[in-house]
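Keeping their order, the protein sequence lines are chains A and B. Taking the UniProt record's numbering, the leading residue of the first sequence gets 1, the next gets one more, and so forth. Taking the UniProt record's numbering, the leading residue of the second sequence gets 1, the next gets one more, and so forth.
Think of the hints as simulated: they come from the structure by calculation, not from any bench. One should not assume that every hint holds.
Computed, partial: chain A to chain B, Cβ under 10 Å [what the hints assert, rightly or not]:
#, residue
1, 71
2, 74
3, 329
4, 332
5, 352
6, 353
7, 360
8, 362
9, 408
Label-pair ranges, simulated between beta-carbon atoms [stated by the list, open to error]:
#, chain 1, residue 1, chain 2, residue 2, range
10, A, 138, B, 200, 30 to 40 Å
11, B, 350, A, 142, 36 to 46 Å
12, A, 142, B, 410, 25 to 35 Å
13, B, 203, A, 203, 44 to 54 Å
14, B, 1, A, 14, 54 to 64 Å
15, B, 366, A, 14, 32 to 42 Å
16, B, 401, A, 390, 52 to 62 Å
17, B, 390, A, 147, 40 to 50 Å
Ideal placement from N, C-alpha and C gives every residue a C-beta, glycine not left out.
Protein chains: 2
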Amino acid sequence: MVEPHGGRLVYNVVEPERGAGLPGLEIKPTLGPDGAPIRNPYREVVSIAMGFFSPVEGFMTRNEVDSVLRERRLLSGWLFPFPLIFDVDEEDLKKAGIKEGDAVALTLKGRPFAILQVEEVYKLGDRKELADAVFGTPEKNGEVVKRRFDEKHPGWLIYRSLRQVALAGKVWLLGQPKFREPYSRFWMPPAASRKYIEERGWKIVVAHQTRNVPHVGHEMLMKAALFSAGCGRPGDAVLVNAIIGAKRPGDYVDEAILEGHEALNKAGYFHPSRHVVTMTLWDMRYGGPLESILHGIIRQNMGATHHMFGRDHASVGDYYDPYATQYLWTHGLPSYGLNEPPHLTDKGLRIRPVVLGEFAYCPTCGGYTYLGGPGELPLCGHEVERLSGSLLRGVVLEGLRPPRVVMRLEVYDVIVKWWRVYGYPFVNERYLRLKEEQLEVV
Amino acid sequence: MVEPHGGRLVYNVVEPERGAGLPGLEIKPTLGPDGAPIRNPYREVVSIAMGFFSPVEGFMTRNEVDSVLRERRLLSGWLFPFPLIFDVDEEDLKKAGIKEGDAVALTLKGRPFAILQVEEVYKLGDRKELADAVFGTPEKNGEVVKRRFDEKHPGWLIYRSLRQVALAGKVWLLGQPKFREPYSRFWMPPAASRKYIEERGWKIVVAHQTRNVPHVGHEMLMKAALFSAGCGRPGDAVLVNAIIGAKRPGDYVDEAILEGHEALNKAGYFHPSRHVVTMTLWDMRYGGPLESILHGIIRQNMGATHHMFGRDHASVGDYYDPYATQYLWTHGLPSYGLNEPPHLTDKGLRIRPVVLGEFAYCPTCGGYTYLGGPGELPLCGHEVERLSGSLLRGVVLEGLRPPRVVMRLEVYDVIVKWWRVYGYPFVNERYLRLKEEQLEVV
């Protein structure tokens, strides 16, 4: 079994009673310019405490944020791509009378949810500069950043919109979180995921990042990754891990993403003994190559041995080069302080990359074919039909069922199911507000 | 570039004039019980001299045959699976007055073809015992041999039918062989093949053994092997290498095998820059796992980095376990003297195995799906349609075109083309006699 990132799996969960008598502080969502919720730090509290981000045990101090921004490493030296910041309003802090050294009961919708042991209270300064430092700039990071980040980038906007003050320190959940349907079915935190993998005897497990309802091209990527990870024999299983949280308008709703992937094994396109769908709470930063490091960390902690990285990994718009993530995992990103790929550097990841290009539908082959990545040749020599996610979204919005060769019927049915629930198949402001109202936990 | 087996590529070709004045000896085919030609040692002369079997430079001495039969190693210690024996009639030998130490001009259809430097002349003894020792017996080799070999096994029959006396010694071709169409198009001996690979910048080249016109299942195996060999990225190319020679009745004719594979890239199912079709002269021994070692040696010498081994590799009937070859490449074959897999043993192969199970057509997935090998789970969970080569041959014989999902139209056209030439799509006695009359070289 692959070891957790940093060597030890974090599991910071204590009895709910431990929250009693502590000063309370409500966890508040980050709001975009129009007041729509674009992040809720409760998701980070859960993911940190349940070990998804091991070895991180809490929100970062100013020094640690600086270290991450300088060289994408924690103060302990272990690779980590993003600052994890618990931001609060100065007034809320004053009102609660919280200071360094205090243990605080973080409340969610008014109910005690977690403990934060306040190690440091610091001002965040210029959040725009912070956001630029997180994602990079064309001037400083020209090897992968093609365009200046701005408010249209949902991840940049999160850092840009943080409150003034940050609380740093370890967090503990007050009891295990309980999830609403359908999330509860997909909740398999690192310790449970490792047990699941061990019980099934899986040796080669390829993680698949998703924020999408899968079309057949995704299915083929996962299947190809399974062969590629095996190195001379087929791998054992695909671990699908969906990022659940506030997403950008136009992405599919979280419930459809999870059940869409689940439909692939319920309907047998993957044998259920070779495929499992799980989730991680995280308001996606769409950080392309940087996000891929976080993905590697999360899935290594969950016990995956390999991670598939395709074209345009975890990105949006044309801020990053489409193959920035492939570049990272084959060359490193020197301008971010990474002179080697994440799995080849000291205190780096143990998970191995499977670096693939794009698949497209080939009517002549009668199936999907590999188009290759940068510097690679296509696998077949035919005219192919490229599958664009945006085009597919357009087809769906027109109420048209995509052809079976493009999307499995059973997957499409899931889209329709959640379309009926929310009145719209994709994330929009209404969905974001509803999601913030209900959250994923009960 | 992977090094040749044994470290040095054999290239024993001399000027044709070097044959002048030497005593001549005609290369005679091995005949089966009904007088049909089942082997012509000229093919071994060519393959040895052109380096396909490097480091072997000639036909084996009695000691070397014993060593191969005892532990599948040459006297130099390098792995080699089969005795290579140049057998002659005692009368022919006497008539030619050949003795140890002589250089002999081997003639083919009466024309000087090669030089054999006679190192040893020895009697072969009981050829039935020899054949048993070559292939194994259920008593001695129970881990993979399921049934006693007999005259129905074409490889066993070759050894069983050898003439009384063997000549051992190095061979040199008198000039490069010249091939008839369509063979000349596929002639790419090791030195040329290595150059071809180098010029294209291929780093990961997966060899595919074939004695078959490819159906779509074969195509999918090759494509899956390409991903599997890459170990985290797609491999570069597939090197198809067809075994050309006398085959068992019911196999496709050699010309259709070569042009059938070629059709896959001519019609674009493989991009021609990722696929090449080549051939090796060898009267197939159908030796399952043993033959797979020879295949590894041949393709390593040709410059392939990986070799795909599927179910029932190079076997016929139920003499060997269907996964005997997979067993060899994962565990070794201790009863044959191999305590480790061929690529993990001292003086073993440098080529890496890609060990796959079976693919089948899945109407629900709308394409081919991986069924898994021994101890493996299937990739999809649907009812699939297994593709039997015999069933497919039946369909062809009925004059029916197999469905496009089973065989590419362009490949089927090749079968029909050669059916018209020979009046029958498969090897039969007439084809074997015609082939022996014409041979592959002009």
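Against the structure, the hints:
no., hint, result
1, 71, "25 Å, violated"
2, 74, "26 Å, violated"
3, 329, "9 Å, holds"
4, 332, "16 Å, violated"
5, 352, "6 Å, holds"
6, 353, "6 Å, holds"
7, 360, "13 Å, violated"
8, 362, "9 Å, holds"
9, 408, "9 Å, holds"
10, A:138 to B:200: 30 to 40 Å, "35 Å, holds"
11, B:350 to A:142: 36 to 46 Å, "41 Å, holds"
12, A:142 to B:410: 25 to 35 Å, "47 Å, violated"
13, B:203 to A:203: 44 to 54 Å, "26 Å, violated"
14, B:1 to A:14: 54 to 64 Å, "59 Å, holds"
15, B:366 to A:14: 32 to 42 Å, "51 Å, violated"
16, B:401 to A:390: 52 to 62 Å, "40 Å, violated"
17, B:390 to A:147: 40 to 50 Å, "59 Å, violated"
Hint compliance for this structure: hints 1, 2, 4, 7, 12, 13, 15, 16, 17 are not met, and every other hint is.
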